[in-house]
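Each chain, letter by letter, is given below.
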Amino acid sequence: MASRKRTTIKLSAKGAILRAPQPPSEAQSGDSSPMRLSERLDVNLTYLKSIFANASDIHFREFRIFDGRPAAIIYIQGLTDKTEIDDNLLRPLAQPNHAVDRVLELSHRLPLGVLVEEYVHIAGAKQVTTLQEAIQMVIEETNVLLLVEDEPVGLAVSAAKSPDRAVEEPNTEAVIRGPRQGFNENIETSLALLRTRLRSTAFCIESFDLGRYTKTTVALCYISDIASSNLVDEIRSRLKRINIDGIIDSGYIEELIEDSPHSPFPQIQNTERPDVVVSQLLEGKVAILANGSPFALILPINFWGLMQASEDYYERYMIANAIRALRFIFLFINLYLPSLYVAITTFHQEMLPTKALLSIAAAREVTPFPAVVEALIMEITFEALREAGVRLPKTVGSAISIVGALVIGQAAVQAGIVSAPMVIVVSITGIGSFVIPRYNLAITLRMLRFPMILLAGTLGLFGIVVTTLAVIIHLSSLRSAGIPYLSPVIPFHWRDMKDAIVRAPRWAMQQRPAESGKANPRRESNATRKSRRLPSRHRARS
Amino acid sequence: MNLRVKIPRAFCYIAVLASCLMCTGCWDATEIDRLAIVSASGIDLMPQDEMSSAPPKVLETLQIARASEMGSNGGGAPATKTGSQDAFLLEQATGDDILQPMDIIRKRLSRKLFLGQRRVIVLGESYAKHGVYDLVDEVIRNPQSRLRTYVVVAYHDTAETILQVPYALNRLPADAIAEIEQQGSLPEVDAKTFIQRMVSKGDTFVMGIEKIQPSPQDGEAMNHSFALTHIAVFRQDKLVGWLDGDTLDGFLWIYGRIHRTDTTVTIPGVPGHLTARMLTIRTKRSIEIAHGKPKIAIHVFTEYDVAENGTPANLNSPENVNKLRKALIEKLTGQIQSAMNTLQHTYDADPLGFGDQIDKRYPTIWKTIQNDWHEVYRQTPVNIEVDVQIRNSGLTGPPIRH
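Chains F and L supply the protein sequences, listed in that same order. Under the numbering used here, the first sequence has 302 at position 257, and the numbering climbs by one with no breaks. Under the numbering used here, the second sequence has 230 at position 211, and the numbering climbs by one with no breaks.
Careful, some of the hints might be misleading.
Claimed, not checked - In silico DSBU-like links for lysine-lysine, alpha-carbon gap of 35 Å or less:
{"#": "1", "chain 1": "L", "residue 1": "K257", "chain 2": "F", "residue 2": "K400"}
{"#": "2", "chain 1": "F", "residue 1": "K400", "chain 2": "L", "residue 2": "K350"}
{"#": "3", "chain 1": "L", "residue 1": "K303", "chain 2": "L", "residue 2": "K314"}
{"#": "4", "chain 1": "L", "residue 1": "K126", "chain 2": "L", "residue 2": "K211"}
{"#": "5", "chain 1": "L", "residue 1": "K148", "chain 2": "F", "residue 2": "K400"}
{"#": "6", "chain 1": "L", "residue 1": "K379", "chain 2": "L", "residue 2": "K342"}
{"#": "7", "chain 1": "L", "residue 1": "K350", "chain 2": "L", "residue 2": "K314"}
{"#": "8", "chain 1": "L", "residue 1": "K131", "chain 2": "F", "residue 2": "K400"}
{"#": "9", "chain 1": "F", "residue 1": "K285", "chain 2": "L", "residue 2": "K25"}
{"#": "10", "chain 1": "F", "residue 1": "K260", "chain 2": "L", "residue 2": "K25"}
Said to hold, decoys possible - The following residues of chain F were derived to be distant from chain L, with all beta-carbon distances above 12 Å:
{"#": "11", "residue": "M80"}
{"#": "12", "residue": "H393"}
{"#": "13", "residue": "L397"}
{"#": "14", "residue": "T503"}
To be verified - What follows is a list of derived Cβ distance ranges for each label pair:
{"#": "15", "chain 1": "L", "residue 1": "V184", "chain 2": "F", "residue 2": "F414", "range": "36 to 42 Å"}
{"#": "16", "chain 1": "L", "residue 1": "R127", "chain 2": "F", "residue 2": "L371", "range": "47 to 53 Å"}
{"#": "17", "chain 1": "L", "residue 1": "E207", "chain 2": "F", "residue 2": "S443", "range": "52 to 58 Å"}
{"#": "18", "chain 1": "L", "residue 1": "L108", "chain 2": "F", "residue 2": "P413", "range": "20 to 26 Å"}
{"#": "19", "chain 1": "F", "residue 1": "R540", "chain 2": "L", "residue 2": "R28", "range": "38 to 44 Å"}
{"#": "20", "chain 1": "L", "residue 1": "S103", "chain 2": "F", "residue 2": "L437", "range": "47 to 53 Å"}
{"#": "21", "chain 1": "L", "residue 1": "R296", "chain 2": "F", "residue 2": "I535", "range": "51 to 57 Å"}
{"#": "22", "chain 1": "L", "residue 1": "K131", "chain 2": "F", "residue 2": "I535", "range": "40 to 46 Å"}
{"#": "23", "chain 1": "F", "residue 1": "G454", "chain 2": "L", "residue 2": "V35", "range": "51 to 57 Å"}
{"#": "24", "chain 1": "F", "residue 1": "L437", "chain 2": "L", "residue 2": "E207", "range": "53 to 59 Å"}
{"#": "25", "chain 1": "L", "residue 1": "V218", "chain 2": "F", "residue 2": "L371", "range": "58 to 64 Å"}
{"#": "26", "chain 1": "F", "residue 1": "R540", "chain 2": "L", "residue 2": "D324", "range": "51 to 57 Å"}
Rather than coming from a laboratory, the hints here were simulated on the basis of the structure. Heads up, the beta-carbon is just placed ideally off N, CA and C, and yes, glycines get one too.
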């Protein structure tokens, strides 16, 4: 809003200042003719002050450097490190040191280059020559801009210190065994977490500034040796096509670059865990990080990958397989149990064992609604409870669980509004949806449950089959960054079965996934081969 | 202002399709609490005047589960006592065939008659003697009738009386009958095998169910109950007789597919009894054509464990074990012989499917003998071979009683 009112200033050819109202577009950096910085400090400052007139957080500090020339620094108050500026910029510039005395005697004036070399004790320093550049450095890069009288160049010193959160354990993907660091909102921290894990020149990070106003730093990460260049080119071009006011969270990017935005299934994985990103990069995938979001995006992915948790790879493979099997069982329970219950109790009673039928019949004796209505009521209530639990302030969270347990768990059954087996079905389904490691896939399946319950209530098992077929047809035509969503099952790659539904032992996973790791199919995993592992007892003795 | 909002075409299609679905309602849906769940049905023949020439009427009894009595009342305990008659209700009607009385009952009930969970069909003896083709047709034709329903015949009784008896260990007596059949010590005959045998070249058989009266001197100490004690042997669709005692045992050895049974024998010259538990039984029964004449060969191989030794014989000595083997072989052979005798000569029925075997192995010969198969069957010699192995005489030493 503020930017619409802002007026901008143009320097005419003679250097006089003209105030000119600008159309409400991004003006400063988009101009064709870059305006050079003036030698006169006051001209530069007047111009910059008028640009930053409505930005009260941008501070101007004017002072004199040791040779008597007036100078100024311009910085954003909250985003720069004050002690750094004081200790390493202002103080050295105010006090002459011996090394430059000789130069001083010669000219009484120090060129900016010398100033930088001798006085500015900060790693990142860059000379800027145009006003646009200067503004950009202050606003977008949160640098400190140093301007000195008689110098037609400014110095952008990086002393950025953005409000930052400590590296914490990711809340959304907890593990029992495995690294506990998670990304945070600061992209530099996030990238640092990646770089500590990938110390290779092949690990590429390409930066973009996306968002007309937010100028969000977005990083495209990949390992150049492994990721196919086609994929990287494609993602890069998708990112470059983004033209939007702002990127608040990486979710914006996900929605803008995914293959089929109208599909309920997530085609891009998001994760808070650097270890997940690294492992995916090693499989030839590409990650996108956005400043301000602790969630990295990973693509291409497949459906099976969404059923995997990072811990699968940190725990021994048998345990991982058992847990994975459990997850798949609950995936089906989550999707099918309520609709199966509805279909079987209203259409196919002969499918139940006699005793089960009788106890369900006994429980349903007093309930007023048909099973399908009951199922919908309970499922919607459960979803509302879950949503309330997510949004509630933590202090009232326990109230919800009491209300949920007492009201829908017990009172509804005792009052005869809902039958007890239905409560059991809904609870198991609820548990099932939390067993799925990726929250967005769990939501998708929860969403699909409702049409499935409706169809089960109207068409019975036939309705369930129809919905299943529709989902399978949709899934098999879905792609994530061009790679079939159900691969390696459809299309079938026997080689990749090692890590789709089961997780093979590490030494059996010699090859990267067929679809994403084409460029460099073989993992350097000789060391984990059977013959290279610890010598067996037999060989040790001989 | 343009009020027309552009709606995506796909959305329109989906909306129309979805509303179509909703309009039709739920086609075959029946809420589970609208069902009268039939757990067992019984068929009897109505007693008839000697004079009338009209075909006899059929009395049908349905045992319907009372769902409200089956569940628990919150605390996990069932609402009524097991073994009482509250858990089910009986409905009766008469009619000309199987489904007519059912239709009469249906019209009386507030709930939809549901046969999909019928576990047992009880045939009254009179009805079984009259012929069961009507029932077979109903079971095959009616999609609700399941083929896994067990068929039993009331031994010297009507189906009605059997269905009235509550069972002390099961809430529904029908469950009890089904579970007794599933125990494995008797041949399990459901509607499918019953009908399969009936339409084969051989004959069929099912278990007979007998109501056990509480003995008067015991007072109320003993429950009314029932037991599967006999085998009902059919010829074509008609009941021709019963097997019990030794003949029943003999029949079981030839039938072979039983899992657990005990045999008690006495060893000649040794006082007391000895009970052996059968571990395995493998029976080969074949009918060969030798010199144009059929010949039945029955080979039974059994393995036994000694479960109780009430004799002074020390089973650690091979001699005694051999004696026991001989006693067992003799007993089994005798029982098999008596079973084959009864089947061949008393009932002239072929429930073990020898006719079927000839048809499969010698189809051309079968064609020549099928018309007088029963004559041939009666005269077919039977060769019985029994092999008994004692696997285990118990890890104890000599018997305690000396």
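How the hints compare with the structure:
1. L:K257 - F:K400: The hint holds at about 33 Å.
2. F:K400 - L:K350: violated, 41 Å
3. L:K303 - L:K314: holds, 14 Å
4. L:K126 - L:K211: holds, 29 Å
5. L:K148 - F:K400: This hinted pair holds, its Cα atoms lying about 33 Å apart.
6. L:K379 - L:K342: violated, 40 Å
7. L:K350 - L:K314: holds, 23 Å
8. L:K131 - F:K400: holds, 19 Å
9. F:K285 - L:K25: holds, 30 Å
10. F:K260 - L:K25: holds, 33 Å
11. M80: Non-interface label on M80 (chain F) holds, nearest chain L Cβ at 45 Å vs cutoff 12 Å.
12. H393: violated, 8 Å
13. L397: Given a closest Cβ separation of 8 Å, the condition is violated.
14. T503: violated, 5 Å
15. L:V184 - F:F414: 36 to 42 Å: 38 Å Cβ-Cβ, so the 36 to 42 Å window holds.
16. L:R127 - F:L371: 47 to 53 Å: Because 50 Å falls inside the window, the suggested range holds.
17. L:E207 - F:S443: 52 to 58 Å: holds, 55 Å
18. L:L108 - F:P413: 20 to 26 Å: Hint holds: Cβ distance 24 Å, inside 20 to 26 Å.
19. F:R540 - L:R28: 38 to 44 Å: holds, 42 Å
20. L:S103 - F:L437: 47 to 53 Å: holds, 51 Å
21. L:R296 - F:I535: 51 to 57 Å: holds, 54 Å
22. L:K131 - F:I535: 40 to 46 Å: Holds, at about 43 Å.
23. F:G454 - L:V35: 51 to 57 Å: At roughly 39 Å between Cβ atoms, V35 (chain L) and G454 (chain F) fall outside 51 to 57 Å, so the hint is violated.
24. F:L437 - L:E207: 53 to 59 Å: With Cβ atoms ~58 Å apart, the hint holds.
25. L:V218 - F:L371: 58 to 64 Å: About 47 Å separates the Cβ atoms of V218 (chain L) and L371 (chain F), which means 58 to 64 Å is violated.
26. F:R540 - L:D324: 51 to 57 Å: holds, 53 Å
Violated hints, in rising order: 2, 6, 12, 13, 14, 23, 25; the structure is consistent with all others.
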